[in-house]
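Visitor: Below are the chains, spelled out letter by letter.
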Amino acid sequence: MMINWPQVLFNSAITGSLYLIGAVGLTLTYGLSKFPNFAHAEFITLGAFIGYLVAEQLGLGWPLALLIAFLVSGTVGVLCYRGIFQPLAKRGSSIIHLMVASIALGFILRHSIGAIWTWKPVYFSAAWTSFDVGSMRISSLWLWLIVTAISLSFAIHFLLMKTRIGKAIRASASNPELALASGINVNRVILITWFIGTGLAAIAGIFRGADTQIWPMTGWDIILPIFAVAILGGIGNFYGAIAAAFIIGLAENVGVVGLIALGLSTTYRIGIAFLILIITLIVKPEGLAMLFRRF
Amino acid sequence: MDPLLYVLDLVVFIGIFSIVAISLNLEFGFTGLANFGKVAFFLIGAYTYALLSNIGVPFFFCLMAGAVIAAAFGLLISLPALRLRADYLSIAVLAFGEILRLFVKSEDWLAGGDWGLTVAPAISVAGVSHRTDAFINIALVYFCLAICFLVIHYLANAPYGRAIRAIREDEVAAEALGKNVSKYKAQVLMLGSAMTGIAGGLYVQYLHCVLPNMFMPMITFTVWIMVLLGGPGNSWGVLLGAGLVEIFDRGTNILKDYISIPIDPSNLQYILFGTLIILILLYRPQGLLKESTVRTKVQRLIYNGRHTIKNRRN
Numbered sequence: 001m002m003i004n005w006p007q008v009l010f011n012s013a014i015t016g017s018l019y020l021i022g023a024v025g026l027t028l029t030y031g032l033s034k035f036p037n038f039a040h041a042e043f044i045t046l047g048a049f050i051g052y053l054v055a056e057q058l059g060l061g062w063p064l065a066l067l068i069a070f071l072v073s074g075t076v077g078v079l080c081y082r083g084i085f086q087p088l089a090k091r092g093s094s095i096i097h098l099m100v101a102s103i104a105l106g107f108i109l110r111h112s113i114g115a116i117w118t119w120k121p122v123y124f125s126a127a128w129t130s131f132d133v134g135s136m137r138i139s140s141l142w143l144w145l146i147v148t149a150i151s152l153s154f155a156i157h158f159l160l161m162k163t164r165i166g167k168a169i170r171a172s173a174s175n176p177e178l179a180l181a182s183g184i185n186v187n188r189v190i191l192i193t194w195f196i197g198t199g200l201a202a203i204a205g206i207f208r209g210a211d212t213q214i215w216p217m218t219g220w221d222i223i224l225p226i227f228a229v230a231i232l233g234g235i236g237n238f239y240g241a242i243a244a245a246f247i248i249g250l251a252e253n254v255g256v257v258g259l260i261a262l263g264l265s266t267t268y269r270i271g272i273a274f275l276i277l278i279i280t281l282i283v284k285p286e287g288l289a290m291l292f293r294r295f
Numbered sequence: 296m297d298p299l300l301y302v303l304d305l306v307v308f309i310g311i312f313s314i315v316a317i318s319l320n321l322e323f324g325f326t327g328l329a330n331f332g333k334v335a336f337f338l339i340g341a342y343t344y345a346l347l348s349n350i351g352v353p354f355f356f357c358l359m360a361g362a363v364i365a366a367a368f369g370l371l372i373s374l375p376a377l378r379l380r381a382d383y384l385s386i387a388v389l390a391f392g393e394i395l396r397l398f399v400k401s402e403d404w405l406a407g408g409d410w411g412l413t414v415a416p417a418i419s420v421a422g423v424s425h426r427t428d429a430f431i432n433i434a435l436v437y438f439c440l441a442i443c444f445l446v447i448h449y450l451a452n453a454p455y456g457r458a459i460r461a462i463r464e465d466e467v468a469a470e471a472l473g474k475n476v477s478k479y480k481a482q483v484l485m486l487g488s489a490m491t492g493i494a495g496g497l498y499v500q501y502l503h504c505v506l507p508n509m510f511m512p513m514i515t516f517t518v519w520i521m522v523l524l525g526g527p528g529n530s531w532g533v534l535l536g537a538g539l540v541e542i543f544d545r546g547t548n549i550l551k552d553y554i555s556i557p558i559d560p561s562n563l564q565y566i567l568f569g570t571l572i573i574l575i576l577l578y579r580p581q582g583l584l585k586e587s588t589v590r591t592k593v594q595r596l597i598y599n600g601r602h603t604i605k606n607r608r609n
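Top to bottom, those sequences are chains A and B.
Residue numbers for the first sequence follow my numbering, beginning at 1 and rising by one.
Residue numbers for the second sequence follow my numbering, beginning at 296 and rising by one.
Hints are not guaranteed to be accurate.
[As the list claims (entries may be wrong)] No farther apart than 25 Å at their CA atoms in a straight line, the calculated lysine-lysine pairs in the PhoX-like style are these:
#1 A:Lys162 / A:Lys90
#2 B:Lys400 / A:Lys284
#3 A:Lys34 / A:Lys284
#4 A:Lys120 / A:Lys34
#5 A:Lys120 / B:Lys400
#6 B:Lys592 / B:Lys474
#7 A:Lys90 / B:Lys478
#8 A:Lys120 / B:Lys474
[Stated by the list, open to error] Residues of chain B placed beyond 10 Å of chain A at every Cβ, according to the derived structure:
#9 Leu299
#10 Phe308
#11 Val352
#12 Thr413
#13 Leu435
#14 Ile442
#15 Asp465
#16 Gly546
#17 Asn599
[To be verified] Facing chain A, according to a computed beta carbon distance under 7 Å, are these residues of chain B, among others:
#18 Leu371
#19 Pro375
#20 Leu379
#21 Tyr383
#22 Ile386
#23 Ala390
#24 Ile394
#25 Ser401
#26 Gly408
#27 Thr517
#28 Trp519
#29 Ile558
#30 Pro560
#31 Ile566
#32 Gly569
#33 Leu576
Since the hints were derived computationally from the structure, they do not count as laboratory data.
Nothing here was measured: the structure is a model prediction, and the numbers come from that model.
From the three backbone atoms N, C-alpha and C, an ideal C-beta is built for every residue, glycine too.
With these hints in hand, go ahead and build the complete structure from the sequences.
Guide: Next up, the structure:
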């Protein structure tokens, strides 16, 4: 069997870019609030639908869709944090309670979305131009996805390393008490991180929606690899997440080739991320964090 | 539909999910293990039952095989669970449930894929009415529930129960007192999974069919609501929680036929469940019934002793 390796590598870059955008918010909020937000999937879905509302139902175009989805999802994220997780954390709830609450929030959001837009999948109508480069099939959507992932990575790098708020985020994540003692408003830092994190999830949602379909499970469909990225990269570690996203992207696409060669169903694609997740948890729960500058 | 049959059906459902709920109570309520993959063990019990029953294995052995295989998987997930933090464990187990559902969905040759399998009823007497059939199922389900309940109740009040509570409260302290934390966790996960496997088998034999879509993550979540609402660490509370959640579930299903609301009732139901759980966590995290104190021989002696002293004074 001939395998089109350039295409496999290109697809890995696409998958990795999508997972990166989706996982950055999860890993940052997880690192700061110290619990995994299972409702992250629903912010991805929310973003896809807000994008659909702006771009298709209101016809305001693609760039505005990305911007408004980011803002709306971020605002909802902050409101959810203030309304649910902050009071729970103040009560001294255990991490298990916080996780259950995030699953509950996920159900509320998913089914509210289902009630507003129904469960019938919808699609972006934008026509993406496809062209061939050598043996590779490339769509302009995919190029946009890769460009977005790269520019967002640089933006977040700049934010974390060069700005006051970025330094405050890093300080609060590594030692909240010390950060508080040094005059950092840790509470505000958490809120800002939730805003950025859930906002970025929305952008991942729009790209995922444009690539496949938009329905209330859009986010849940990719939440497993996104958690795998956050854990393989080391929780709260942005640079680890970049490496992990592309490792998992590559593993999935090479894995699909393997699955086809073995005559297995390609629905097991998601099992590859699961396998990486489990192996990481058993062998090295701190993930790739050691390889990258800790913050 | 026959109203009595509807009630009987509800009673069967409450019984089956009570088994899952008390097993989660053993894992989470007593031991503090966050098992977000209950549905995986439910699925294992269900499919084991269906596959064995279809090749003619007798009812009892199908059920027991489901329990044993589910327990084996419980042991398997307990291996990482011993080392993992609560959040890692829950992510791993949640993912395990999803992968398992994908597996039965895509392997058509094994379990019929999307279309699932049909299962013959375990106890079929020719010519009995649906009502009698429901009564037979109630007897069966509640017999299993009673056994599971007694086992957990006995364990919870035995020294074993104090050890697992100690692990829940402070793992390091329990370890320092010479309790083998890993062994206890593995045993609890095995026992809890076995009970869930039995419930899965009962579920399938009652519904006469098994489909991948019966095992959505919502099952796990429903069981969590039962435990959190009823009162983690209180077996009676969890039974109460299971009853209330199932009645609420049916209630909203009936209501949707009589009142028209602008929002799709099935969506509304999930939204209400989610809101309910957040309200419980915020305002009554101990659940409806608080965890009861452990009754030990010493406590009884002290109590009786005080009583005698009081009586003597009089």
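Visitor: Beyond 10 Å from chain A, beta-carbon-wise, is Leu435 (chain B)?
Guide: holds (32 Å)
Visitor: Would the least Cβ to Cβ distance between Ile442 (chain B) and chain A come out above 10 Å?
Guide: It holds; Ile442 (chain B) is separated from chain A by about 28 Å at its closest Cβ, greater than 10 Å.
Visitor: Does Leu299 (chain B) clear chain A by more than 10 Å, comparing its Cβ with all Cβ atoms of that chain?
Guide: Check passes; 32 Å lies beyond 10 Å.
Visitor: Does Ala390 (chain B) hold up as a contact with chain A if the rule is Cβ-Cβ below 7 Å?
Guide: holds (5 Å)
Visitor: Regarding the assertion that Thr413 (chain B) does not contact chain A, is the least Cβ-Cβ distance greater than 10 Å?
Guide: Per Cβ check, Thr413 (chain B) is outside 10 Å of chain A; nearest 23 Å; holds.
Visitor: So, Thr517 (chain B) near chain A? Judge it on the closest CB pair being under 7 Å.
Guide: violated (10 Å)
Visitor: Please confirm whether Gly546 (chain B) is truly not at the interface, meaning its C-beta sits more than 10 Å away from all C-beta atoms of chain A.
Guide: The assertion about Gly546 (chain B) holds, with a minimum of 18 Å to chain A.
Visitor: Tell me if the interface restraint on Pro375 (chain B) is satisfied: Cβ within less than 7 Å of some Cβ in chain A.
Guide: holds (5 Å)
Visitor: Going straight from one Cα to the other, do Lys120 (chain A) and Lys34 (chain A) come out at no more than 25 Å?
Guide: violated (35 Å)
Visitor: If you take the shortest Cβ to Cβ gap from Leu379 (chain B) to chain A, is it below 7 Å?
Guide: Holds: closest Cβ of chain A sits about 6 Å from Leu379 (chain B), inside 7 Å.
Visitor: Quick one: work out the minimum CB distance from Asp465 (chain B) to chain A and report holds if it exceeds 10 Å, violated otherwise.
Guide: Non-interface label on Asp465 (chain B) holds, nearest chain A Cβ at 13 Å vs cutoff 10 Å.
Visitor: Does Lys90 (chain A) pair with Lys478 (chain B) here, judged by a C-alpha cut-off of 25 Å?
Guide: violated (34 Å)
Hint violations for this structure: numbers 1, 2, 4, 7, 8, 18, 26, 27, 30, all remaining hints satisfied.
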